[in-house]
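S.K.: Below, each chain spelled out in residue letters.
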Amino acid sequence: MAIVRPIYGALRQNSAEDIGRWRTLTIDRPIEEISPGGEMPAALAALGSNIEIDIHSAPGNWGTEVAVRWVGPKKAADGDDPRVVVRRVLREVKQLAEVGEVLQGQPRSEGKRPATPTGRMVDRAEKNSDKGAVL
Amino acid sequence: MKAVCWTGVNKLEVQEVAEPTIVNSHDAIVKVLLTTTCGSDLHLLSGYIPTMRGGDVIGHEFIGEIVEVGSSVTNRRVGDRVTVCSFISCGQCSYCKGGLWSLCDNSNPNWAIPEAMWGGAPGGCYGYSHAMGGWAGSHAEYIRVPYADQGAFPVPDGVSNERALFASDAAPTGWTGADLGGVSPGDVVAVWGAGGVGQMAARAAMLLGAERVVVIDRFAERLRQVTEKIGAETLDYSTTEVLPALRELSGGRGPDVCIEAVGMEAHSTRADYVYDQVKHQLRMQTDRPTAVREAVMACRKGGSVFLLGVFGGLVDKFPLGALMNKSLTLRGAQQHGHRYIPMILDRMARDEITTEHLATHTMPLSEAPQGYAMFKEKSDGCVRSVFVP
Chain E
1 MAIVRPIYGA LRQNSAEDIG RWRTLTIDRP IEEISPGGEM PAALAALGSN IEIDIHSAPG
61 NWGTEVAVRW VGPKKAADGD DPRVVVRRVL REVKQLAEVG EVLQGQPRSE GKRPATPTGR
121 MVDRAEKNSD KGAVL
Chain W
1 MKAVCWTGVN KLEVQEVAEP TIVNSHDAIV KVLLTTTCGS DLHLLSGYIP TMRGGDVIGH
61 EFIGEIVEVG SSVTNRRVGD RVTVCSFISC GQCSYCKGGL WSLCDNSNPN WAIPEAMWGG
121 APGGCYGYSH AMGGWAGSHA EYIRVPYADQ GAFPVPDGVS NERALFASDA APTGWTGADL
181 GGVSPGDVVA VWGAGGVGQM AARAAMLLGA ERVVVIDRFA ERLRQVTEKI GAETLDYSTT
241 EVLPALRELS GGRGPDVCIE AVGMEAHSTR ADYVYDQVKH QLRMQTDRPT AVREAVMACR
301 KGGSVFLLGV FGGLVDKFPL GALMNKSLTL RGAQQHGHRY IPMILDRMAR DEITTEHLAT
361 HTMPLSEAPQ GYAMFKEKSD GCVRSVFVP
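Here the protein sequences line up with chains E and W, keeping their order.
First residue of the first sequence? That's 1 in our numbering, and the numbers climb one at a time after it.
First residue of the second sequence? That's 1 in our numbering, and the numbers climb one at a time after it.
Be aware that a few hints might be false.
Here are some, though not all, of the chain E residues that point toward chain W, as calculated from beta-carbon distances under 10 Å [to be verified]:
#, residue
1, P107
2, T116
3, D123
4, E126
These aren't lab readings, by the way, just hints derived from the structure by calculation.
We put the CB at the ideal spot given by N, CA and C, even for glycine.
With the sequences and hints as input, model every part of the structure.
M.R.: This is how it looks when you write it as structure tokens:
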């Protein structure tokens, strides 16, 4: 893991610096749609004073860049890692703006799910699939 | 309903699973009419794609009939006969709008898994592991199709199910390689792999104006199909030295465009295959890039190498020096099918693209495990097994 981390940067240390880092997502919509009259998207507004927000037009034709930084307590209200909350909300804002709803993977058709070690790993990875990665 | 489930390395079972339902308003439910094996499924079966889960329904290349639509579906109706692109795409994000549909930002709900693996998430794909969204596959009686307005394409009257089936993946994947590989009129194009995707890449190259198209494989049945059905030339690498043969066929320059349609479990008669195989079997490397190496070495100076075969992780002994010093362009992609499928269906209606010959073995869905065994071993001249639910 110590080798992988500097190469990919996807698995980061649980540091206060990382929690308070700006996390940015690009949304393919003009800034007037994302923040009409300077108003925040509802999902971001709901996080109140726990976050700082910077919304600006993206370069080229990419739309709008929405940047969010957590400045609240080290645990979110529901006990989640603040980074997870920010990532989840950014994705939600993007999907609502671009396609009108948040895509749901479940329920789905599936066969018997035997309790194997590798199966548990995949289940865990999927359960955490809104938590990690590059944002 | 019945569905084909992955139950472990090289194990498939037909199981009873729940029927899909409309979950998002842009979904449709499609009754599967035909669904086929794809060479990339073999990587799942063999356990080289690490995020498979026992009970996953596999299959991603199919044709069907819409039996239900969500409230936001406006351009598709119940009763439409549709080819469904194997990749799921929203049509609204920057990547879809830019024509790079398989990079859709909004179709892979498991985005963190591929971001950790590859630094970015491609779109979702039916029946192709949890890294690609965990979507249930098409080897079933019914399938949920998200973003149906975007990904379900009405089949023109007069185009048979057997032909339109391959407009779902093989044909648009081949077209992706030829188009984005930059095939131009007058080019010499070499294609590694004479399976469904390789044949369709060769056909696309011909239709894009290539002067000479050569397909490389070792299976006689597939090479015969290339000659008789596609109209391209062939090289049997089990009896011919590929690199000198390609130079001979291209005026000593090497092919202008080299398309690799083999993927992570390549075979070769060269020594590097033994090296790759040992490391692969010991799980010391995730992919065998044997055909990619050959493509890079074969390509003319300043030419283009395109990867259509599926790779999942890290490779060893990649000829980076050749790439840099020969000023090559290396590019790869999952299929951007949405940008090609309507055109491909039109060409199918005009008999410019024919695919029925790929379906060498058709059988009921209940026989899918045997169909995959035949497909994997390439026994009885199997090019594709096609299942009828």
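S.K.: Taking the hints in turn, state whether each one holds.
M.R.: Consistency of the hints with the structure:
| no. | hint | result |
| --- | --- | --- |
| 1 | P107 | holds (7 Å) |
| 2 | T116 | holds (6 Å) |
| 3 | D123 | holds (7 Å) |
| 4 | E126 | holds (5 Å) |
Hint check: no violations occur; every hint is consistent with the structure.
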